[in-house]
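Participant: Protein chains in written order, with the working numbering: chain A, 113 to 623; chain B, 231 to 372.
Just so you know, the hints here were simulated from the structure itself, not pulled from any lab data.
Everything numeric in this text was worked out from a predicted model, so none of it was measured.
Some hints could be false.
DSS-like mimics (lysine-lysine), calculated; alpha carbons at most 27 Å apart, straight line [said to hold, decoys possible]:
{"no.": "1", "chain 1": "A", "residue 1": "K410", "chain 2": "B", "residue 2": "K236"}
{"no.": "2", "chain 1": "A", "residue 1": "K428", "chain 2": "B", "residue 2": "K236"}
{"no.": "3", "chain 1": "A", "residue 1": "K410", "chain 2": "B", "residue 2": "K235"}
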Amino acid sequence: MDAAVEKRTLLPATAELMERIGWFIRLRWVAVAGVALFVVAGRQFLPVDFHLPHVLTTVALLALYNGWATLFFRKLIPPTPVPATPPPPANAPPPLLAGWLLPRTLRSMGYDPEVIRVVYFVNVQMLLDLLFLAVLIHFTGGIENPLRVFFLFHVIIAAILLSRRATYLYATVALLHMSVVALGEMLGWLPHYTLAAHWRQGGYADAHLAGTQLFLLGTTLYITAYMASSIGAQLRRRELDVFLLSRALEEKAHHLEEAYGQVSAAERAKSQYMRKVAHELRGPLGTIQTALGVVLQKASESAAPTSLDLIRRAWKRAGELAELTRELLALSRARDGRFLAESVTLRPEEVAGRVLEEMEARASQAGVALRSELAPDLGEITADPEGMADLLNNLLGNAVRYTPAGGAVTFVMKEEGGELLLEVADTGIGIEERALGRIFEEFYRSDAARAHAADGTGLGMAIVKAVVDQHGGTIAVESEVGRGTRVRVHLPILRDHEAEGRRGPLPGEHR
Amino acid sequence: MTPKKKILLVDDDQDLREVLSLVLADAGYQVVLAESGPKGLEMTDRDRPDLVLLDVMMPERTEGFHVVWNLRNRADAYFRDLPIIILTAIHQQTELRFYPDAGDGTYGAGEYLPVQGFVDKPIDPPALLKEIERVLSLGRKA
Numbered sequence: 113m114d115a116a117v118e119k120r121t122l123l124p125a126t127a128e129l130m131e132r133i134g135w136f137i138r139l140r141w142v143a144v145a146g147v148a149l150f151v152v153a154g155r156q157f158l159p160v161d162f163h164l165p166h167v168l169t170t171v172a173l174l175a176l177y178n179g180w181a182t183l184f185f186r187k188l189i190p191p192t193p194v195p196a197t198p199p200p201p202a203n204a205p206p207p208l209l210a211g212w213l214l215p216r217t218l219r220s221m222g223y224d225p226e227v228i229r230v231v232y233f234v235n236v237q238m239l240l241d242l243l244f245l246a247v248l249i250h251f252t253g254g255i256e257n258p259l260r261v262f263f264l265f266h267v268i269i270a271a272i273l274l275s276r277r278a279t280y281l282y283a284t285v286a287l288l289h290m291s292v293v294a295l296g297e298m299l300g301w302l303p304h305y306t307l308a309a310h311w312r313q314g315g316y317a318d319a320h321l322a323g324t325q326l327f328l329l330g331t332t333l334y335i336t337a338y339m340a341s342s343i344g345a346q347l348r349r350r351e352l353d354v355f356l357l358s359r360a361l362e363e364k365a366h367h368l369e370e371a372y373g374q375v376s377a378a379e380r381a382k383s384q385y386m387r388k389v390a391h392e393l394r395g396p397l398g399t400i401q402t403a404l405g406v407v408l409q410k411a412s413e414s415a416a417p418t419s420l421d422l423i424r425r426a427w428k429r430a431g432e433l434a435e436l437t438r439e440l441l442a443l444s445r446a447r448d449g450r451f452l453a454e455s456v457t458l459r460p461e462e463v464a465g466r467v468l469e470e471m472e473a474r475a476s477q478a479g480v481a482l483r484s485e486l487a488p489d490l491g492e493i494t495a496d497p498e499g500m501a502d503l504l505n506n507l508l509g510n511a512v513r514y515t516p517a518g519g520a521v522t523f524v525m526k527e528e529g530g531e532l533l534l535e536v537a538d539t540g541i542g543i544e545e546r547a548l549g550r551i552f553e554e555f556y557r558s559d560a561a562r563a564h565a566a567d568g569t570g571l572g573m574a575i576v577k578a579v580v581d582q583h584g585g586t587i588a589v590e591s592e593v594g595r596g597t598r599v600r601v602h603l604p605i606l607r608d609h610e611a612e613g614r615r616g617p618l619p620g621e622h623r
Numbered sequence: 231m232t233p234k235k236k237i238l239l240v241d242d243d244q245d246l247r248e249v250l251s252l253v254l255a256d257a258g259y260q261v262v263l264a265e266s267g268p269k270g271l272e273m274t275d276r277d278r279p280d281l282v283l284l285d286v287m288m289p290e291r292t293e294g295f296h297v298v299w300n301l302r303n304r305a306d307a308y309f310r311d312l313p314i315i316i317l318t319a320i321h322q323q324t325e326l327r328f329y330p331d332a333g334d335g336t337y338g339a340g341e342y343l344p345v346q347g348f349v350d351k352p353i354d355p356p357a358l359l360k361e362i363e364r365v366l367s368l369g370r371k372a
């Protein structure tokens, strides 16, 4: 993208310009009030007695003019946010004087008509202000009036609002005004008005004195122009730098967000693919398993022991494969982020009850005591029933699998700190420190786990973690080798009304 | 001796249909097979089985549901009370319990699917026979 066009969207520079113009106009109201106060109070308490009608007229005109400026400014305010004006042709000539008057930061954005209007508005005010000040000084003593240094204020304001050249331009205009007043009065072309009748008269008529005054004023004006515009330019450069930097940061953040979106889309696609494959595998596998089972049953009397043994092995391995596809399905399901779609209002003790029913058979077969404490009144919560069942199946299944005969598994479910606590503790083989950090990895099984139980896919804890994440819960595992393992899962309790509107399409609908 | 009970098996997997029909025939049941939901309904009308084994996850995902609701919504008490056992992976059991398809594309979450039993896939023949016996012994409501 073209750099100039790119920068044009940085309109805060314009916004700042507008803000400063507002301040400029408010400042002028203060000046009007100040002069008015001076006119009224100054004549009372200070030794001055200037020609009142002229001064009052000038102040009134100044107030009128500032009223116009205020109204005009109000009409100008909307340019922030700036409408999308088409960028000017790359090498369009700058409009009249704009190249001169625009501050560098604004110039670098191209010559936006909106900005140029604003800048012309500022320049008209500068010229009028200088004129008013010159007239006011003329009516209150001309070159004899020490208030001529007020011209410095205008130079400073020009440095803040406009370009460096414009600042020098206004310093020159101020000096010219003052020179016209001084020369005009000295040569008698203009009447001289005194500031105070009793002051020593004649200073204005003395060419040396007036010339010295003018020279001093000019020097002061140019030095001020130089200092103020240098500082102003530096400040504006910094502002631009800061702005460009924050823009660059914003862009970076945007890119990161995009990249993250792509990664998670890929992750979703992967898990959907896994789901499809597992689903396709499951049907035929189930049939193989069932068929082999039937053969085993029917052939147990007639077939040779070796054939029978081979069939038994095939049947067992088919069962393991079926279990693997089942777990892959559960994992991809939990990772799909379909919690919102499939969560329903359920009673956690009902889900736990069904899982426990199945688990009890396994535990008694393994010689492990299975105890459970389900808090009686947990109420209804909103959760994914399949995910919950997967989670409990895996936690309890692991506990039973890795607990030697004679041990015990304890399951506690209750409300704790506003969350649902699921705690499974066993007196099993435990998990060594080094393996503890990896148990949530897919297909990870520690050596001790493999040695203790040949079966197991290594997907169980990955599923558990995915379900916990899916529900926005937390999981903590503590374990001591040879003593046992305790897993604590906290799931946020969502009541029905909180989940309202979070439910997506239901099963059977196309996703 | 009581007459053989007639079981209709609806499943889209031909191999599974044949394996199970072997198992069921061995156990002394008369078996009728159907490979799709519509076919299953047709056979129910024609053969009036004593029990239906129904796979819900046939190609059209809701096909099994439609069979259930089609039967339950009929005026004839025979169809309304006909025992149905759903064949499905244990995982879908939870889902089925919580999302019964009302037959018109809507789902009544939290209600229970009006069937008498569930059997996990992959099917363990002894478990299947046990569940069939249990459901048949419930007896038909008058």
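Participant: Decide, hint by hint, whether the structure agrees.
Facilitator: So, going through the hints one by one against the coordinates:
A threshold of 27 Å between alpha carbons decides the hint, and for A:K410 with B:K236 the separation of about 22 Å falls inside it, so the pair holds. For the given pair, A:K428 sits about 32 Å from B:K236 by alpha-carbon distance, which is inconsistent with the 27 Å threshold. Among the hinted pairs, A:K410 with B:K235 is consistent with the structure: their alpha-carbon atoms are about 22 Å apart, no more than 27 Å.
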